[in-house]
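The primary structure of each chain is shown beneath.
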Amino acid sequence: MRFVFTKLGLLLLTLWAAVTLNFLLPRLMPGSPADAALAKLAQNGPVSPATRAAVEAQLGVPTGSMFDQYLQYLGNVATFDFGVSYTFFPQPVAGLVAAALPWTLVLVGLVTIIAFIFGTLLGVLAAWKRGTWLDTLPTVGGTFASAFPYFWTALLLLFFLGYVAGWFPTSGAYGRGTTPEFSVEFLLDAIYHAILPATTILITSLGGWILGMRSTMINTLGDDYVTFAEANGLRPRTVAIRYAARNAILPNLTSFGLALGGVVGGSLLVERVFAYPGVGYLLYTAVTNQDFPLMQALFLIITISVLLANFIVDILYGILDPRTRR
Amino acid sequence: MSATETQAATLLSVQNLSVVYEPTGGEPVHAVSGATFDLGRGDFVGLVGESGSGKSTLGFALTGLSKPPARIGGGSILFNGVDIAGMSHEDLRVQRQGGFAMVLQSGMNALNPVRSIRNHFFDIFAAHGHVGRGDREARAIELVGKVELPAGVLDRFSGELSGGMRQRVSIALALSLEPQLMIFDEPTTALDVLVQHAVMNTIRELQKSEGFTAVLISHDLGMVLEVTERVMVMHNGLIVEDRPAADVLVSPQHPYTRMLLSHYGDPRAEIVEVPGLAARGAKRAPAVSHLKTDFVPVSDEARARAAGTEGVQRREGRAAREAIVVSGVSKVYPPPRRGEKPVRAVNDVSFTLEPGASMALVGASGSGKSTIAKMITGVEHPTSGTITFGDLQVDRIKRRSLKRLHTEVQMVFQDPYSALNPLHTVEYTLTRPIVNFGGLRGRDARRRMLELLETVGLTPVEQFAARLPHQLSGGQRQRVVIARALASDPQVIIADEPVSMLDVSLRAGVLALLDSLRETWGVSMLYITHDLLSARLVTDQIMVLNQGAVVEEGATASVLQNPRDEYTIRLLDAIPHPTVGH
Amino acid sequence: IDVDSQSDNSGTEGSMLVAADNGSPTFEKNFNPFSTSKRVTATYMYEPLQVVNTLDGKSTPFLATGAEQVDAETLIYTIREGVTWSDGTEFTPADVLFTFNLMKEVPALDNKGVWQHIESLEVEGNTVVFHLLAEDVPATSIIDQQLIVPEHIWADVEDPLTFTNEDPIATGPYVLGDFTPNQYTLTKNADYWQADKVAVEELILPAANSQLDVVNNGYDWAYAFITDVEGTWVNANSDFNKYWFPPGGTIALVPNLTKAPYNDVNFREGLSLALDREKIADDAEQGYVDAAGQSGLLLPNQEAWLSDDLPDGGEIAQDTDAALAAFEAAGYTMDGDQLVDASGTQVAINIMTANGYTDWLQGLQTVQSQLGAVGIDVTLSQPQPAAYQESLGAGDFDMAITGFGGTGSVFQDMNLLLNSEFATPLGTTTTGNFGRFSDPATDALLAELKASTDEDEQKDIAAELQQTVYDELPVISMFYGGLWGLYSDENYTGWPSEDNPYAPPNTYNSTPLLILTNLEKAN
Amino acid sequence: MTDVAGPAHPLAVLWRAVTTIWSVPKARIGVVMLGIFILGAVFAPLIAPYDPTANDFGRSEDMTAAHLLGTTAAGQDVLSQIIHGARVSVFVGFVAGLFSTIIAVLIGLSWGYLRNVTADVINFIVNLFLVIPALPLMIVIAAYLQNGGIGMIILVVVITGWAWGARVLRSQTQSLRSRDFVTAAIFSGESSFRIVFREILPNMTSLIVGSFFGAATAAILAEAGLSFLGLGDSTTISWGTMLFWAQNSNALLTGQWILLFAPGLCISLLATSLSLINFGVDGLSNPRLREGAKR
Ligand SMILES: Nc1ncnc2c1ncn2[C@@H]1O[C@H](COP(=O)(O)OP(=O)(O)OP(=O)(O)O)[C@@H](O)[C@H]1O
Ligand SMILES: Nc1ncnc2c1ncn2[C@@H]1O[C@H](COP(=O)(O)OP(=O)(O)OP(=O)(O)O)[C@@H](O)[C@H]1O
Ligand SMILES: [Mg+2]
Ligand SMILES: [Mg+2]
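Chains as they are written, first to last, in the numbering used here: chain R, 218 to 543; chain X, 177 to 758; chain B, 3 to 525; chain C, 1109 to 1403.
Just so you know, not all the hints are guaranteed correct.
Below, simulated EDC-like cross-link-like pairs (lysine to aspartate or glutamate); rule was C-alpha separation at most 16 Å, straight line [stated by the list, open to error]:
{"id": "1", "chain 1": "X", "residue 1": "K243", "chain 2": "R", "residue 2": "D531"}
{"id": "2", "chain 1": "R", "residue 1": "K224", "chain 2": "R", "residue 2": "D531"}
{"id": "3", "chain 1": "X", "residue 1": "K579", "chain 2": "C", "residue 2": "E1298"}
Per the computed footprint, the stretches of chain R lying under chain C, defined by three or more beta-carbons under 8 Å from a beta-carbon of chain C, are [claimed, not checked]:
{"id": "4", "region": "230–241"}
{"id": "5", "region": "305–319"}
{"id": "6", "region": "324–338"}
{"id": "7", "region": "396–403"}
Simulated from the structure, these hints should not be mistaken for lab results. Virtual Cβ for every residue (Gly too), placed ideally from N, Cα, C.
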């Protein structure tokens, strides 16, 4: 029990530090939100002094000392009140995030889990069939695919499968003119729209899992319990899965927790290319528009989810590995 | 002895078998060559030989477990008349039930850490289908019962079992296949002497009651002679001797076998000696000369060198002056797992290591020997009690004063394979303490380094100085480790099981070296071991440790000849007595 | 690889696909016409008193039938009768009064700063009378453009600043149709006061309209700069797809006049003469725009105002010798291939642009090499747009690239460019005259122009101002920034064009009202 | 202090590493690929047919004999840009990889060796950096550190990239520090500094080299990502900025998919070459991987 408490304490401390960093980072950026808004307006013609005044009045640009702002921010975070977005004024940040979060969670979360499972299986296969084409293909393919820049894969898929072949929609998370709802039709439509972005993430993240699993699996294959299991005449499949893979997967779980953070970053690029209405795109908009409240909320959400994922992985680890289960 | 020998229906027939390791990018290693022998039903055969002689490789080949880079280079293995080399993977797998089984050398790690013991049994039952679904639980309980374990272990994971229990589980798992042939590859090496004894007894009982043919692989000739009927001796991949155990004991044919035998002695005997080394106090016998010198690398020359004038001069006026006084020392470790009790590793131990004395600290594994060593060398602080070395308050020593302590108190490490940094040459390793403690630099340091090599008998010194650890044999490594301990001219040497990782052939040499160094250099030595024979050979005094407490102490010879404490008696009983077995 | 153009005009017959509103990436519902983050098409629903064509500054009456400049301080708008709000309520002059008073009450709504010109206003019959703060003829164009909101709705709005107006009630040609996060439609307002002029029944506005989409999905109207417009947009449907890129503002280099050497007019002249504006224009906008003259006017839109006294109509050709002579006059000479000052150090200029404004960047790279040819070491800095805007406003730069003009009003353009009122001390934020040009005579001219009601007089004053821009070089004009109108004649005709420049082709602000009431169904 | 007989000569160590890597076929392919890229980068001015910034060719031209990969929308030769672009990618990869590895080594080692409060503090900081998603953090820092060009990108990549390596190196340090030879070094009177850098560090060569290649790969991909988002200096010529300009001028629309394809492929190939080399590095530390065992 004390173990869980220490872990929880550390989690909270990391969270606080992350929250503070989230507060500081955006404020280090030069230019105010009003400047960002004006720069955008200036592209459509000259901006009069009155416009500037109006914009500043509308956005309610932050006032008070940094410390006051910080205290207020902490209070707001504690109450999940993230204020109003500057870019999408007067939309509250919470609403924007709530609208974007499910898409990313489902797209990135699901695909990452699929990639993890699928990559792990391929890695197991590659290690088990070492030296055969079943090893070479996933290993070389994985190495190559994991070297693709996210956005490049996205652009190529978009162009060739979306535009040239015309098989898949090229933007958005659901058909034009439909509103998100719980119906089979909508769900199918959403899945259809998710195929290209999902494939992008899958392709670029699969390789890492294959390679990681393959190398840990090769290590466990040399372990004595595997030899002993073979000596006892267990079925090859039992040996591969229940003995070798089962042990090899443990170290990979930890990377899985941490990898989620990287995938969120990657999804930013993917979402941008596919105009996918997720957290990544929102974050990009927030950053380019100096939208402090939105940025803070998003960073917080991302950090919390990564922290949470790690926490869950830790616990999962405990369940899967009797050695840590005390 | 057995009647089975007469009805020797052949179970396994090996003809001219050779096994080659062909690592990619490396030289091929002929681990087994031209092995030819038959095993009859119900035989109990021992296979002995030093480390790397090819015992395990042969065992793997016999059970169809040779995996790349190993390759059967030639010959045949007929099991019940069928050549197993030609069998497909699946046939081989299927016939493992009721065929042959192997208990691996590293039985400690042979269990899947994330599967319960029950599942291990059930996996085997499922793979072969020889135990019906409903009977599995009962059969598993029966099997663990056979190796003297309670049914409760079925719910546990390997991490929750002691080494001895794990080894027993491995044997039970192999038994569950109901094999005709069972190969035990060093089933007791990693175990505590007492546990070792118990496991061996179990194996012996099982072999009698189940009647399978058994091969016992071990490097311990004494143990093999004690339990088996027939012994095969391997040396450099060749089977150099294959005869009934009784004959081997009486009239060993091959010099190697003879060398092995000569290193056995009974620590309780009036006079104990092994080649190159005699029990202290007894008259030293001349070195047994008909053995090839490479079996006993420490010659009298080396001994003489160690005792050479230079060494003596160096020690003049520097003979150990201070005693290590340990009084009422206890060490309590925090519980290793949540919810358990703290570990009382050392409990109220007091003793004095007088200047120039040599004292043995013996006890079973986990009895607290190493912990005491750590406390004396300032690596750990005792929970209570005091340790002094001259004016140094060792029990409360700070990191800064550690260097001062280590000038006088040095340690010889147990495992010569891990005690040397694989990337540093012998010269570097030895020069560091010379520079740090002796304050010598450049050419002076080098000269001193070469002297040290000379002292431990690593000649030609220039050549050894340039070597990296992987270019040294185990015995040579251990000498480097000893040389390093000597580099600071210490008053006290703590040797924590300095030979447990070495083969018999190397063991005596290193012990002899230690002993002569102690004698000529006048240092005090604390010799930590679980091997009573070596304690008898190199020490004058002995302390027996059980669960952190001293249960018996006194002059080595008298304690071992007339043990009073029941624990000491058990320790002595656990020593194999080849003569007694037959 | 060819990408087939699939007509994706998913609406019903009579609808029009417009790439006007970009969700990022989805739409937030906000039709508050006062909000800076409103949906672009709020201006298709809410109408101003008059729509000003930013190309030539001419007004077209909408909710007013006309405006009368009684004197330089008084304006009378006659309000159109027979107009109803889209909920059926009658539109009255009281709504106009309400709208202006609302902005007085909540200054944050006053985007255009009307209350910096108006002292008071009142309804008189079907007119609204504006009393101005000073003699202020150009104020008309500002008051003209104010979007009018219905009193009966907005009077009850608690906080008009954060009101998102999800159910817009307006007078314009369109009302909100279906709204989903990634597409919405505007449907024709059947009761629109000039409904007969509105040919398009429905506007479809998808949230995602990348250039690939625009080209491939059969859009009718889009506003986008597309590389190789002939090869892409026109080629996709060569019979119908057209484009028109009229100038929408002048892109210029702004020297910081508070710093040496930029405060030396000879130095500025040297810079100006060293530039080959044609090449810069070509490189920046791929040949789709013209080099700009140094008159400060947006040509040819404001051709009528161009002073005859300017040589070559204000155009300045590259003349390296003259440039070097000017530099010499400023105290800089060529030393080898470096332009050096008296102490022998090379002249180094940092030009600021905003990160991501790629056309400007490409223009500047050409500037960099051209000035490099006269021995000046030019570096480019590219802060993020917000930081760029901040530095620009605070005068924290050596030289910067920026746009000016394009309001349609010569006074507004010149005022923002030259008025010393904007030349606030360095470090304080200003919104015009970023180089901090300050000249009392010019200020006086601007005041005269502001008060003048006579067109000839206005032109005379404007000519003097042009001369100032030409001689003093407060900015070094480079090229005209285009308005990137793409349209298709397939379904609708009557788009503005070079021959018929009745409106700029942009999809934002109020000028689309001119276009939407001018289109006709194609046969 | 005179340095008596260090470990094997550094060059010899390096040579051994190179031969070990070379002995793995996959890694050999990687070394050859990397070699080609490095040569291309070094001799770019000699190989490239044109000045990569010269913009006086026709705009958006298709592949012709004069311009093997066509020209950009600004009228620059694509092939010349690709060749010159290698310089930035290779440079960023190596420098950023080097610096993040150095930081990772310093922090990872002290973190693994120390057992006091400092270790807890480092643990906390590293966890923080691991948890904050790198790319968004990079974007914010890049937006803050405007104007830095390549230096800025390297800094950003280093700031966000060292934590992973530090963690890996720490656990290795922890396992090495419990080896007898480390305790033995204490008995030899060695200082902590020397123990860490002379006893422990050399035993982690393969891990360090591995993490260097990992960090270099990450840096190359990050440079591409940031440049693509327009957060780098768009006037430098790198594969990332080429992609940015290609996307900016809608190369797909003009049918010049090669403009997007070629730089992206180069990035992938360069990153792949490093990953391939990493296979050989694994072999340094794990003999099992060296055996091409078949089942
Ligand atoms: N995978 C391998 N590759 C190359 N050579 C090997 C391999 N495994 C073992 N060998 C070599 O084969 C020889 C025999 O090894 P084996 O394991 O059979 O010895 P052993 O008699 O069981 O020794 P021990 O008592 O240490 O267990 C040794 O020289 C060893 O170095
Ligand atoms: N660092 C530690 N933390 C917790 N418990 C420890 C620690 N070191 C040793 N122990 C425990 O203290 C007891 C004594 O250990 P010690 O190493 O002194 O035994 P030993 O006599 O040297 O055994 P062996 O012969 O196996 O080396 C054991 O039960 C061991 O598990
Ligand atoms: Mg063995
Ligand atoms: Mg011990």
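Okay, the hints, checked on the actual structure:
1. Proximity of K243 of chain X to D531 of chain R is assessed by CA-CA distance (about 36 Å); at most 16 Å being required, the pair is judged violated.
2. Our distance criterion of 16 Å between C-alpha atoms is met by K224 of chain R and D531 of chain R, whose separation comes to about 9 Å.
3. Only pairs whose Cα atoms come within 16 Å are accepted, and K579 of chain X paired with E1298 of chain C is accepted, the gap being roughly 8 Å.
4. Counting residues of the region 230–241 of chain R whose beta-carbon sits less than 8 Å from any beta-carbon of chain C gives 5, enough to reach three: the coverage restraint holds.
5. For the region 305–319 of chain R, the stated coverage by chain C is violated: 0 residues have a C-beta nearer than 8 Å to a C-beta of that chain, whereas at least 3 were required.
6. Interface restraint, the region 324–338 of chain R with chain C: violated (0 residues with C-beta to C-beta distance below 8 Å; minimum three).
7. Residues of the region 396–403 of chain R lying with their CB closer than 8 Å to a CB of chain C number 0, which falls below the three-residue condition for coverage.
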